[in-house]
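**Student:** Chains A and B, in that order, give the protein sequences. The working numbering numbers the first residue of the first sequence as 1 and each following residue consecutively. The working numbering numbers the first residue of the second sequence as 246 and each following residue consecutively.
Honestly, the hints are just simulated from the structure, not real lab data. Check the hints yourself; a few may be wrong.
[Stated by the list, open to error] Restricting the straight-line Cα-Cα distance to at most 25 Å, the calculated cross-link-like pairs of lysine to aspartate or glutamate (DMTMM-like) are:
hint, chain 1, residue 1, chain 2, residue 2
1, A, K16, A, D177
2, B, K276, A, D6
3, B, K276, A, D177
4, A, K31, B, E469
5, B, K388, A, D161
There are 2 protein chains.
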Amino acid sequence: MLTKADFQRLRALREKKHREELGQFVVEGPKVVAELLAAGFGFEQVYATAEGAALLPPRQPATAVTAEEMARISHFPTPSPLLAVGRIQRPPLAAGALDRGLTLALDGVQDAGNVGTLLRIADWFALDRVVLSPTCADLFHQKVINASMGSFARVRAHTADLAAALAATTVPVLGCDLSGDDVHTLPALRDAVIVVGREGSGLSEAVKRRVTRFVTIPRFGAAESLNAGVAAAIVCDNLRRALGR
Amino acid sequence: MLTKADFQRLRALREKKHREELGQFVVEGPKVVAELLAAGFGFEQVYATAEGAALLPPRQPATAVTAEEMARISHFPTPSPLLAVGRIQRPPLAAGALDRGLTLALDGVQDAGNVGTLLRIADWFALDRVVLSPTCADLFHQKVINASMGSFARVRAHTADLAAALAATTVPVLGCDLSGDDVHTLPALRDAVIVVGREGSGLSEAVKRRVTRFVTIPRFGAAESLNAGVAAAIVCDNLRRALGR
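With the sequences and hints as input, model every part of the structure.
**Tutor:** In structure tokens:
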């Protein structure tokens with residue numbers, strides 16, 4: 001049984017402004033909620049209809065709601081049987097964090113689906129962290145979380161002034177670009193940052209100035225570009241191949 | 246000035262059934278229409294508002310329409326200044342076509358955006374053709390064309406019974422799978438088919454039986470899978486790398 005205050009709060013979370021004020025975000029959909037629970041993500045609340053409750057792992061606490069109540073709190077046109085509320089956490093990027101291990105940096109990637117795909121790629125290739133410029137789609141946008149297919153819960157992600165963070169690091173900064181060194185000649189780098197830019201416009205000028213090596217995927221045909229996720233994945237695969245692990 | 250019959254026909258093209266009956270499809274949006282014209286795609290009609298006419302290449306024939314007329318024929322909530330109508334062409338896959346060169350085969354890829362991204366990847370890596378199973382998103386779906394970023398006009402694409410086509414070829418059939426040979430050990434294949442399956446369920450059983458070599462992208466982290474476009478792109482990059490060209 002939900003109170004009037006519950007309805008108000010859960011509906012307010014539809015807007016980014018209120019999410020930031022309340023420090024909470026919402027995810028819906030049986031698949032994504034189950035993936036995040038399986039990945040060990042600790043939600044503050046889980047709301048489940050009778051149908052949804054059957055989909056939860058054993059001993060998962062949840063508030064039972066009727067289908068009518070779910071329809072009132074859902075952010076979707078077709079309400080999901082599960083809706084979960086999590087705490088927005090924005091861990092700062094510690095000084096020197098980029099100096100160790102592999103980082104994927106996103107420079108103005110605005111499409112939420114692309115940001116989610118990039119988190120999934122960082123997870124697949126076991127990168128140590130993802131850094132998003134403030135001009136990227138918001139990490140707590142439901143489309144980002146959905147597209148990450150559970151990787152949202154596993155990947156360490158930070159939002160930070162990217163050009164400043166890159167200026168402060170000593171490791172190679174690899175910029176995905178249409179005119180750079182052949183990605184097949186990448187050396188074995190244990191510590192590096194891979195930066196991908198926005199679809200269409202590419203890397204920003206401030207970030208470009210911090211790139212120490214532009215990297216290009218050899219093109220054989222006529223397509224103008226590859227999307228950010230595809231480009232980042234090919235660079236990661238080549239880097240892992242060079243590292244031999 | 247559009248006639249009543251024009252309005253009826255252009256609006257009817259919103260539905261797949263009518264597109265098939267009339268043998269025509271619609272694309273909208275200044276970017277995609279301009280990309281396809283630049284790639285040499287021959288539209289049957291181009292409709293342009295005054296704003297849209299300024300975006301067309303010199304000497305491109307177009308029917309001038311008012312903003313009000315465009316709003317009535319557009320398939321979008323916000324009408325685009327350009328709308329183009331093309332002829333649906335479904336060239337049959339010739340016998341023996343898969344025996345020469347590189348083919349990307351899509352087995353039940355239902356997401357239109359993914360199909361478009363895969364066309365773009367086939368274009369980038371200069372594959373000789375793309376074959377779609379009838380269970381894929383329709384090639385003439387506007388989302389496919391938009392996501393292909395102009396590659397729709399450059400890539401030779403066929404819809405065909407994929408398992409039957411694979412049964413008839415003598416070249417290696419590489420199936421993207423979670424348990425197969427390391428993609429980094431791919432030999433230099435000048436003639437081959439790369440098959441990617443549906444998100445979630447992967448390759449169909451009928452297609453799996455025709456795969457001669459399952460190929461896997463080494464995973465280092467915990468993501469369950471990579472999306473179809475990302476997986477296909479990494480296989481193409483490794484194949485091109487093995488070929489040394």
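**Student:** Hint by hint, note whether the structure agrees.
**Tutor:** Quick rundown of the hints versus the structure:
About 32 Å separates the Cα atoms of A:K16 and A:D177, which puts this hinted pair outside 25 Å; it is violated. Taken as a hint, the B:K276 and A:D6 pair is broken in the structure, with Cα atoms around 45 Å apart against an allowance of 25 Å. Proposed proximity of B:K276 and A:D177 is supported: the alpha carbons are some 22 Å apart, at most 25 Å. Between A:K31 and B:E469 the CA atoms are separated by roughly 13 Å; this keeps the pair inside 25 Å, and the hint holds.
Of the supplied pair hints, the one linking B:K388 and A:D161 is violated, its CA atoms being roughly 34 Å apart against a limit of 25 Å.
Checked against the numbered hints given earlier, the structure breaks hints 1, 2 and 5 and satisfies all the rest.
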